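Novice: For chain A, the structure is supplied; the task is to place chain B on it using the hints.
Those protein sequences? They're chains A and B, same order as listed.
Using our numbering, read the first sequence as starting at 1 and increasing by one per residue.
Using our numbering, read the second sequence as starting at 1001 and increasing by one per residue.
Worth flagging that the hints you see were computed from the coordinates, not collected in a lab.
The reader is advised that the hints may include incorrect statements.
[Said to hold, decoys possible] Not everything, but these chain A residues come out facing chain B in the computed CB check (under 8 Å): (1) Phe25; (2) Ile43; (3) Tyr112; (4) Ser114; (5) Leu146; (6) Ala231; (7) Leu234; (8) Gly280.
[What the hints assert, rightly or not] The calculated BS3-like cross-link candidates involving lysine-lysine, where the alpha carbons are at most 30 Å apart (straight line), are: (9) B:Lys1173 <-> B:Lys1281; (10) A:Lys294 <-> B:Lys1098; (11) B:Lys1008 <-> A:Lys120; (12) A:Lys182 <-> B:Lys1097; (13) A:Lys46 <-> B:Lys1127; (14) A:Lys16 <-> B:Lys1173; (15) B:Lys1005 <-> A:Lys120; (16) B:Lys1005 <-> A:Lys201; (17) B:Lys1043 <-> B:Lys1280; (18) B:Lys1280 <-> B:Lys1008.
This structure is a prediction, so every number in the text was calculated from the model and none was measured.
All residues carry an ideal CB built from backbone N, CA and C; glycine is no exception.
Okay, here's what each chain looks like letter by letter:
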Amino acid sequence: MIITKGMVLSDIKLEKRRKLKDRIFQFMVIGFSVIAVIPLLLIIGKLVKEGVGQINFDFFTRTAPNTMEAMVAVNNNETIPGGIANGITGSLLMVVMASVMAIPVGVVTGVYLSEFGNSKFAGLVRSIADILQGVPSIVLGVIAYLWVVKHITSGYSALAGSVALAIMMLPLIIRSTEETLKMIPVTYKEAAFALGVPYHKVIYKVLIPSGLSGLLTGILLAISRVLGETAPLLLTALGSSMITLDITEPVSAVPLLIWDFYNDPNMVSLIWSSSLFLMGFVLFLNIMAKRIAKKWKIQ
Amino acid sequence: MKSEKITKIVLLVTAGLIILIAAGMAYSLFGGAMPVFQKFGLKFIISSDWNPTEGRESYGAMPFIAGTLLTSLLALLICFPFAFSTSLFIGEYYRGKKIGSILGTLVDLLAGIPSIVYGLWGFYVLKPLIVNLGINQHGLGIFTASLILAIMIIPYATSLSNEIISLVPNELKEAAYSLGATRREVITNVILPSAGSGIVAGYVLALGRALGETMAVTMLIGNANIIPDDLFGMGNTMASVIANQFGEAEGLKLSALIAIGLLLFLITALVNFLGKLIMKKLYS
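Isolated chain A, as found in the complex:
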């Protein structure tokens, strides 16, 4: 602070007060920001501490134990036998099916929006994709129940679960595709057109390859979003104690198994290892996706 001749004592005091306020404000910003991320560290810490002990080879290769087996093991103070193989296969099955449904439709719609984004129809499609993105996942579960469980497989099924997940992935993929393709310089396209390349080839030989990293990031993020979803699967896939690849039968999924373990007092100790696995996988995909985005950014 510059003290000049005309300043009186009260001015100096005011100056000091302002500086002090500034300091306090900064400390509060830093303090609150640090507190905001502490839960993340606490959650990871808790999962690692409680979960790591349960993870072994069996954990990935055997199906979930039934209540009796678990109870006997708990009573004898042994580790609970079995693993989450049925959950892993179920999750994979549903995510793969959801991807098969959502990726083509999402990418093509994204291409449409980036190519013809100014038409009225495109505006409508964009707003609807926005609305879809905001629909709570449990409501998508209700939808998939009404569509698939009731009318197609007449019972809980993997197909129903994957339909719910696919609707969830769609708007995410549409949005990321549109935004990626918009960043590709028009000159790429013009060069291809000038060479007489037909339109559909321009799309899949020029547009999509040059935006591939962005598309991949969007797809991976969408997958990591739906992998951890529990609520819609409760109403659709239901869960199963066996490994099954029949899409018309109920299947389990890792988050569904966590829910089952949580509700069964005998198996409660399995929640941490399964959660650790689930979260590790989801965060891994997340970080991978962002890595890809950074590494191959469109120049």
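Specialist: Coordinates of chain B only, in the frame set by chain A:
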């Protein structure tokens, strides 16, 4: 030129599929909700009766609407100081610095944790903590659910405002600094007025997220089908009642749950629409 036409048609039809899906969703929800609205009329929305006993069946959505709004708004309130500080940390104080981007990554990771894991952590860590602190006896209820929701929506509340705060033109800030303003004064007098609506839009979108959260809330709210009478009491949200009761529901009860799903869909769509509207105003 024929292939060009075909390509255009394929693009158009695929995009049209999205509209078809959305229309189908609305149709199915309305259709499924019809029986309960036919029986109770619009009273279904304001009634607070929830009685599945056969013969005396009576359904009302009010306890769940109240529970949803209460937990979400409380969560927004709790998350505000943290989210706002984080945005300033990333978008202003440590913009472009390593520590700023580290905090940004950590906050992003918060969004990657599955809802059920938040629920478990809330149940096994937060709940005992709340009991020990003497806030309430059983540790479950509106407050606990809001607390976990607040943590969950921090990344959504910040992502937009980080960006908007960091986009405030340097000239504006420098002008204020050159007049002798402190950083806090720059923030309150320059950054907030110019980034304000963007920050608000971010919180509205975060509210939209909170409204539909299911698993974590279901595990912590206590699942009582009543209009919560105080912030530490138990309650139920629209999402959690569906998650809890859908499995064994049939007939009129199923229709009531679908109707709740429809109302939840409409409420979140409205909130998201508001958020988008504020954003649009901002960019135009």
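Novice: Look at each hint and say if it fits the structure.
Specialist: Verification of the supplied hints:
Interface hint status for A:Phe25: upheld, as the beta-carbon distance to the closest one in chain B is roughly 4 Å, under 8 Å. A cut of 8 Å between beta carbons decides the hint on A:Ile43: the least distance to chain B is about 5 Å, and the hint holds. Because the beta carbon of A:Tyr112 sits about 4 Å from the nearest beta carbon in chain B, less than 8 Å, this interface hint is met. A distance limit of 8 Å between C-beta atoms decides the matter here; for A:Ser114 the minimum to chain B is near 10 Å, and the interface restraint is violated.
Annotation: interface hint on A:Leu146 holds; nearest CB of chain B at approximately 4 Å, less than 8 Å. For the restraint placing A:Ala231 at the interface with chain B, the shortest Cβ-Cβ distance is roughly 4 Å, inside the 8 Å limit, so the hint holds. Here the hint on A:Leu234 is kept, as its CB sits about 6 Å from the closest CB of chain B, short of 8 Å. Annotation: A:Gly280 was flagged as interfacial toward chain B, and the flag is violated, the nearest CB pair being 11 Å apart, outside 8 Å.
For the suggested pair B:Lys1173 and B:Lys1281, the alpha carbons sit about 23 Å apart, so the restraint of at most 30 Å is met. Pair hint A:Lys294 plus B:Lys1098 holds up; C-alpha atoms about 16 Å apart against a cutoff of 30 Å. Between B:Lys1008 and A:Lys120, the direct Cα distance comes to roughly 16 Å. Compliance with the 30 Å bound is thereby established for this hinted pair. In summary, the hint linking A:Lys182 to B:Lys1097 is supported, as the alpha carbons are separated by about 29 Å, within the 30 Å threshold.
Among the hinted pairs, A:Lys46 with B:Lys1127 is consistent with the structure: their alpha-carbon atoms are about 14 Å apart, no more than 30 Å. With a C-alpha separation of about 21 Å, the suggested pairing of A:Lys16 with B:Lys1173 holds against the 30 Å cut-off. Note on B:Lys1005 and A:Lys120: the hinted pairing holds, with a Cα-Cα distance of about 19 Å set against a maximum of 30 Å. This hinted pair checks out: B:Lys1005 and A:Lys201 have alpha carbons roughly 13 Å apart, not beyond 30 Å.
Taking the CA atoms of B:Lys1043 and B:Lys1280, the gap is near 36 Å; set against the 30 Å cutoff, the hint is violated. For the proposed pair B:Lys1280 and B:Lys1008, the alpha carbon gap of about 29 Å is at most 30 Å, so the pair holds.
In terms of the numbered hints stated before, the structure departs from hints 4, 8 and 17, listed from lowest to highest.
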